Every structure is written in C-alpha cells, then in structure tokens.
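Number of protein chains: 2
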Amino acid sequence: MEAKVTGEGRGETVDVRWHAHAVSPVQREQAAGHKGCVLWFTGLSGCGKSTLANLVDHRLNARGFRSFVLDGDNVRLGLNAAPGLLKERHGEAFAQRFGLGFSAQDRDENIRRIGAVAELFAQAGIIALTAFISPYRRQRDAVRAMLAPGQFVEVYVRAPLEVCEQRDPKGLYKKARAGEIKCFTGIDDPYEEPLLAELVVDSASQAAEQLADQVIDWLEKAGTIPKKK
Amino acid sequence: MEAKVTGEGRGETVDVRWHAHAVSPVQREQAAGHKGCVLWFTGLSGCGKSTLANLVDHRLNARGFRSFVLDGDNVRLGLNAAPGLLKERHGEAFAQRFGLGFSAQDRDENIRRIGAVAELFAQAGIIALTAFISPYRRQRDAVRAMLAPGQFVEVYVRAPLEVCEQRDPKGLYKKARAGEIKCFTGIDDPYEEPLLAELVVDSASQAAEQLADQVIDWLEKAGTIPKKK
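Taken in sequence, the protein lines are chains A and B. Quick note on numbering that gives the first Met the number 0: the first sequence kicks off at 0 and runs consecutively. Quick note on numbering that gives the first Met the number 0: the second sequence kicks off at 0 and runs consecutively.
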C-alpha cells in the first residue's frame, strides 16, 4: 500500500511518499468495542419496526456503542428521493431518470440502495438498524447476499395483520381499504414472511422494551457486542 | 413521540405503549466525544485525495473517534454500481434503469448519492471522509446545500496537473492522452477549482503527513473534535 512519487512544486522537486493508511476492520472493531452489522427489521406496516429499531439504537448509544437507524424518514428525503424532490435542483430529465417512485422495480431499487448503505455502515464498524417493510424475500435475500457472512441479521417483527390494521398509526390501512393507496402490503400486495430470520419477535403480545431485550440479548450471544457487566 | 395502541395477541388483549426513543444529535455527540461532519476531499486524479482521506481516517480512529472513508472502491461496487454489476442479480431492464455509467448526468447522480450517504454518516455522528474528483462546482455545491450549516467541509487537495500526470498512480493520464479514456478531468474535461473551500492543502510540495496535520488542526479549531491533550 505504498506508492513512491516525485512531485514538483514551487519550482523545486520534492520527494513525497504516499502511504495508504487504511484502517483495518480489526482496528475499527477494537476502537468501537464491538462489531459492525446490519439489523434488518422487517414486517407489516404498523408492526413496530421503527419503534423497536429506535429503542435498540437508544440502548446501544447509551452503552457507548456505534449505531444508527436508517428509515423512510431519512432515506426517502435524500438518497432515495422521489422525482418531485429532485426536480427543483436537478431538472426534470434528471428527476425522471433517478427519482424513485413506488413501482415494483423502484421498490426493489429502494431496498437495494438501503442495503448498500447499510453495508457501508457495517464496514465502518457501526450497527446499522434498518426499518422498512421490505415485503419480498428476493429483496431481503439480495441484501443478505451483499453482506459478509454473519453481518446481515434479519429480525422479523411479527404481528397479525388485524393487530397492525387496528393500530394503523399513520392511517395507511384505512386509505388502502378505501382504495386510496394501491399495492399496500397486507391488503392488496403480499408480505412474504422470512423463512430463516436470525430472530423473530412478537410485537402483538409483548411491549417494545421486551422485544429490545431480545434483540440486545441476541447481539450479546452472537458476540456482536460484549455482554453487559 | 408516543402512540398508544391496543394489540391483540395469543387470544388476549394487551395494552402496549410504543415510544419512539430516537437518539438526539446531542446524545450521539456526547457518546462519540465529537461532532459528525463531512470532509469532502476534491482535486485532480492523482492529487492524493484518497491517501490523505485514509491517513486522516487512521489518525481519527487511533484517537477513538468515529470516522469512515467513502471512495470509489466501496461505492462503485455497491450503491453506485454500473449496469454490468447489477445485471446478474436484477436483470437487464433493472440494470439499465438504475446502473450508473459515466455520462454527465450519471456522474452528477453518483456524487448526489455519495453526498446523501455522507449526510447519513454525519447524522450518525461520524466524520465521513469522501475522496472523489468531483470536478464540477454544481456537484459540490449541491452536496453542501443538502447538509446542515457547518457540516460540509470542502478540502481542496491542490496539485498542478503536471505533478498529478507525472505521478499517474493508476496510469489513467497515459490512457487519457492516448485517447483511450474520454472526458478525463484535466485533459479533455475541466476541473473547476473550489472558490470557497474551508481548507486548501498543497499536495505537490508537502508530504501527506503534513497535510493530515492541517486537516486535524482544522477540525480541532472548528470544534468538530476536541484538541489533543
């Protein structure tokens, strides 16, 4: 990782050696005190993915660990912005070419980009927590395939459709039932349950705090984070 | 940030309160011991951006700070993959729609996505170091506009074209001069020098270690990281 170069500057020739001081994953892990990984929360709208991811993030942060939640709020406004958001700064043609909508293809790309970003966070030694419905197995499996073995932790936040629909925190089920939203997961588009999730938690009968315990416990047992003293 | 829900599970109705325990930027900063930001290294191919970014990353990591380098190696293989890389898993139509090439539009999108990801890292309390030529002011200014005031730190790694071409660590200038690469920055495509960079370092007459000192010094003076004891 070294390249010897001769640079000319200010009229005199100087010898400059350029070293590429890349930080190794082991050095990063030692500095952080834990491993990086992706906790991929999946489940129906209203199942509590985002709440759970934020609660786990909060607990990890309180212990001094490096973690971050990727969710619709911070991704759909920037990285995966809709055409309408890109238009003003970048123009119509650019917005149409690169903006993401809600077609099946666009939703696959949405998840693919999120997976790629989560991978970068994991490489940076961070525990990335993602909270997206990600209803199709092919989407989740594509992200799993991107990551190093053991770095992708699929957490299925399970709750019956009836429970999620009764909660309906954003009023989306109501709109979907009224036909105002098409292809809504659970209503007129399928949710493909994980077959081999690393962890399944039951958000219909347990409080978020209990589910967070289970996630933290899993991370400790897997050796991703050290056990609490 | 609280939603009361009634969930039904296992035949009994339970009351579950869902709290959104988001970690605040201040809490994140306290845990990390420094602020998050984006150090955006820009300059000609061969000017030493990547070497410098990695050296600064190394020093920050050695002090226990949270930092990470985004460069072509980890971005063009995943997030901003070319069509050819997407084709196998996602099919031809998907690859053509979402794969990034090297047209002016695609290069703008490349930088836009990198900026959006760097923003996520900064939000996560991390010092993100990016090492891309990013030759156009409009690209860099678009990223600056995305970020909160003070979070975008433009570092111009300045070296005369002759010096970079003489170094030619990847043999790219030779190919560009031979006409094998078109629209190569500095040869047949412009590099627009930053007008108001937060920091300008001179890589033609100074070793990478000296430039890294200047970057670290800047971060300390700006209050992004604490002064070294």
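Rather than coming from a laboratory, the hints here were simulated on the basis of the structure. All figures in this text were calculated on a predicted structure; none of them were measured in a lab. Treat the hints with care, as some may be off.
Which copy is meant is left open, because identical chains are indistinguishable; a pair holds if it fits in one copy or across any two.
Here are the computed lysine-lysine pairs in the DSSO-like style, where the Cα-Cα straight-line distance is at most 30 Å [what the hints assert, rightly or not]:
hint : residue 1 : residue 2
1    : K181      : K228
2    : K174      : K86
3    : K220      : K181
4    : K227      : K181
5    : K181      : K169
Exercise. Checked against the structure, which of the hints given earlier come out wrong?
Worked result: 1, 3, 4
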